[in-house]
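Chemist: Each chain, letter by letter, is given below.
Number of protein chains: 2
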Amino acid sequence: MNKPIDQSAFQTPTVTTGALPSSSKVYTAPDADPTLRVPHRLVHLHESANEPDVPVYDTSGPYSDPSVTIDVEAGLARPRTEWVLARAAQYGNSVEAYDGREIKPEDNGGAKGKFLAREFPIKNQPLRGVGDAPITQYEFAKAGIITKEMIYVAERENLGRKAMVDGAEAKVAAGESFGAEIPAFVTPEFVRSEIARGRAVIPANINHPELEPQIIGRNFLVKINANIGNSAVASSVEEEVDKMVWATRWGADNVMDLSTGRNIHNTREWIIRNSPVPIGTVPIYQALEKVNGVAEDLTWEVYRDTLIEQCEQGVDYFTIHAGVRLAYIHLTANRVCGIVSRGGSIMAKWMLARHEESFLYTNFPEICDIMRRYDVTFSLGDGLRPGAVADANDRAQFAELETLGELTKIAWARGCQVMIEGPGHVPMHKIKVNMDKQLKECHEAPFYTLGPLTTDIAPGYDHITSGIGAAMIGWFGTSMLCYVTPKEHLGLPDRDDVKVGVITYKLAAHAADLAKGHPAAQIRDDALSRARFEFRWEDQFNLALDPETAKDFHDQTLPKDAHKTAHFCSMCGPKFCSMEITREVREYADGLSDNEKAALYPADAQTRGEEGAPATDREIKEGMDEMSAKFKELGGQIYLKAGE
Amino acid sequence: MNKPIDQSAFQTPTVTTGALPSSSKVYTAPDADPTLRVPHRLVHLHESANEPDVPVYDTSGPYSDPSVTIDVEAGLARPRTEWVLARAAQYGNSVEAYDGREIKPEDNGGAKGKFLAREFPIKNQPLRGVGDAPITQYEFAKAGIITKEMIYVAERENLGRKAMVDGAEAKVAAGESFGAEIPAFVTPEFVRSEIARGRAVIPANINHPELEPQIIGRNFLVKINANIGNSAVASSVEEEVDKMVWATRWGADNVMDLSTGRNIHNTREWIIRNSPVPIGTVPIYQALEKVNGVAEDLTWEVYRDTLIEQCEQGVDYFTIHAGVRLAYIHLTANRVCGIVSRGGSIMAKWMLARHEESFLYTNFPEICDIMRRYDVTFSLGDGLRPGAVADANDRAQFAELETLGELTKIAWARGCQVMIEGPGHVPMHKIKVNMDKQLKECHEAPFYTLGPLTTDIAPGYDHITSGIGAAMIGWFGTSMLCYVTPKEHLGLPDRDDVKVGVITYKLAAHAADLAKGHPAAQIRDDALSRARFEFRWEDQFNLALDPETAKDFHDQTLPKDAHKTAHFCSMCGPKFCSMEITREVREYADGLSDNEKAALYPADAQTRGEEGAPATDREIKEGMDEMSAKFKELGGQIYLKAGE
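From first to last, the protein sequence lines stand for chains C and E.
Position 488 of the first sequence, counted from 1, bears residue number 488 in my numbering, the numbering being contiguous throughout.
Position 151 of the second sequence, counted from 1, bears residue number 151 in my numbering, the numbering being contiguous throughout.
Hints listed in this document are in silico derivations from the structure and should not be mistaken for laboratory results.
From a predicted model like this one, the values you see are computed outputs, not experimental measurements.
Treat the hints with caution; some may be incorrect.
Facing chain E, from chain C, some residues (calculated, C-beta under 8 Å) [claimed, not checked]:
#: 1; residue: Thr465
#: 2; residue: Pro486
#: 3; residue: Ala544
Note that beta-carbon positions come from the ideal geometry of N, C-alpha and C, so glycine has one too.
Work out the full structure, taking the sequences as your base and the hints as a guide.
Modeler: As structure tokens, this is what we get:
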């Protein structure tokens, strides 16, 4: 396991750039701050569609903007440094630049020579908060101050809503939101209010100025997270940077770097400096490396130093398993799968070996104070999450959740933003209680779940077993869904697995948005459905979450270019097309008077909703008499022509 | 589109045979009829598991039994002919053999010479019912008679339940069944009762004696259907037979042959003669071919003749879109995607062109009488199902559903078994009302849905968008889920797509079984989870729905054989294993007295369920004092050894 780093790790990581098919990157300037440039993607439709371009939420950063020159050695532009410094100057000089902690050999696991991954070439002086004036988004929100980040995310969330209502008042769609309070339009003030109430977070370390901010909360679009990270067994720095860019290209709103083994520090630096999305980590992984993997040798000092190291690099949120208390460990003993969280296991090991309460729990106030100075968001880890459906919703899991609620209040009191992590493996009938209990115990702090997987019998397809649970818990109120790839439980995901995981979770999150009634969510579905109905194949591909795969699948059966505009598809063939027939129905219905329609199917039946009944035979006959002449001429003409 | 049939179509179809990994086919003899041989699959675990073999529901027929010689030219054995004839003799001489309808050139779309697929080599004289004595499973059930099929399916459904309870009383698991009445054990009498109430069906044409019967109903395991079928554009007889065998190998409980174009008759004959699972069709597809694809030329006589043709071949269930009435057609005019059902479109076309009520509706009683004579089950088609989330749950869809309820009663009155087809494209918050309305309108006849797809933005991943909806509606009470492959909306599924579709729907159906509380459903999850926990990699693969893919994914990261038994996985590496740590937790918990446990986490907190609270700090300290000595010796020993 001490294999040399591949030479490619020393080279500049190659990443995927360029626009998505038939798409262009546009930037809008929010009314509240016209100096901001908020990105989204416009999907251009064929002119025969006679429809406006379809706006799509865009997580891909500058990589999909052909007008931006990408230089991975330089990293992305850093506009947020100015935002942070300007508001610090305005509100109490709360931020200072300083030299920062010196990088130590153990930060990279003692890797040397050809085993050491190259450092990122540019060093920036880190910022940190000082004093009691507001530093974090939470503190600004509590103080009634709207930050640029809040304006930015409000504009970003509203994409499409303006187009939908065409200037008129927006309406929340007729979904079932289970008590969420989704507004018709997202205003910066609404964002501020949600953050101040602890119901939403903007993970945005002041040392990650490359970030394009986004908001995570139950009353906003459901977000997804993609995990990347090398391990002791496989993968290189270059692969991880590429995976980050790749994951965001397909829609990852957040990326967690779960690297273990050597070169953790340098890998992370390359990732953050090139990341347009928030980066999360689990600091205990690196701390453990620093004590050579011996959990009982972990100390608060080593952990604390690791937190500061990562705060200075710009990590946006930390998973901290401070809810795994000594008192809960024995509750897991009779589980089928015990403790499956790596962080939870490490802490359990430490507590067992020393017979002490977790140092994460006992030092929690100081952890808050460190994270506040950089505005690193808490992602309070569920170290006792179930690793099998057999273990779902047990006392160990829920005891920890209760403690996370207690810690949430401490973190808020010390000015920090907080998310709560959730399971895991949960059969469908046990999912909703997870959401309900989390809202109650954790005071509506955003829930961030892994899946959950709804069955354990399909390794190789756990993106799907978990996509089912993710869509459901997203609907019920979860704010962010951590993806699961097809390799879950089996191996490390490669590029293709990352893409499949991201697309699966994007569709699950979107299904949740639709069901919750997010105002503009259905715009994309409807545009794609119209394209499908009208045989605008290219538009159908381009509006898809994964245009490449959609086009590839189509071409496997009908490869010719002519078939892209053909008025049939391979399922039915040219003479046998249900969609073509529907056109005729429309011609027919257009020719019916209201009286005729009423005769066919009485209006009261049409409006009685579920209780409606069909017309009687007599009513139908009367309507038919009226229509009879019309049909003689219509009947012979309306069969489709494509087959001839 | 008049391309010649590939020469391979004239050869013997090659199909996949052989046992699944580490599995053997076993047959059990039900107590109620020890002459029956009911198949299931036993998955053998590694001896280190020290666990019994895991029984798995097995749809794969004789193909996975190495002791059976497969001869596709001869077809499968035909044991059910004797069952049918014996009971007919016993109960009123209700079945006769006869010469049957002569095969006409139009049955194969007029294909000649090298365009004509070879006939199946063996001709069997068909059976048909005569007189009023019971012929169908429904009629036997109503008469209080338990058939061999009922005994067979009861035994099949119970698999694993006996193993679970080890002779003791079985219990229904603590699921949420939404009013389903799932028994602890399935008895033949329970099966009979459910069929008599119309709540379950055994699709089993008396001319499909190769069939291994299974039951479809809300109080039984959720079943899945795989669609195959050639079209005018692509695929051959050989491919379709292979797809049928392939789909059942991975778990398809039923297969629909949706062939269009030429050679429909001969393709179907090869499929049925080799199929261990029920075969469904949509007869209007073939009828349309017989009138050269001109919908308005369809007649009752052509359709009727097609029904008899397919009844004689042994088709087990027919999709019949008799609920698409003239009065409803205009209700679809303002839809985004109009009428997307092929059958619904054909009938709409016919009605528009002639301005007459549907001949399927007006001749419905005679259709019943034909189907009764062969015991072909109705699958009342949802010709007006929504083709986009925008069209879900509209008046057109629900008006048709109400008519399907009316037709259900007619079919029952005439002795037929009935299922009801359902949508389609439905966002999550609109799924449950579909189930509830179906149960109410259709008098609890089994629901059989396509997906539903919960969003339209992911072509290429519609097995997943629909797998989400399928798992949910299966949980709510749907009896059978029609699969969707990744190629849905884009092209014809190939072998790989069929497999992905089947596995996705198996996992969705299983997730539904778990959530409903099916007594033995969790046996497989728990066995696999234990294997995962204990690093029995091969057992994990073998218990998976798709052992090949699970193993392949594992081997991509850790290909060496030694890694199959390694006590770590690639996600964590050898020194960093959460599951290993859990073992230590067990050692620790085993060493705690009840007093110590109570001190750590009070018993009342453990039993208070959701309301439980963690121990106080004082309580924890007291418990710690008691345990302190024990830890001194335990602490140094329990870190995992694998990394050394």
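Chemist: All hints are to be evaluated individually against the structure, with a verdict given for each.
Modeler: Results of checking the hints against the structure:
no.: 1; hint: Thr465; in the structure: 5 Å, holds
no.: 2; hint: Pro486; in the structure: 7 Å, holds
no.: 3; hint: Ala544; in the structure: 5 Å, holds
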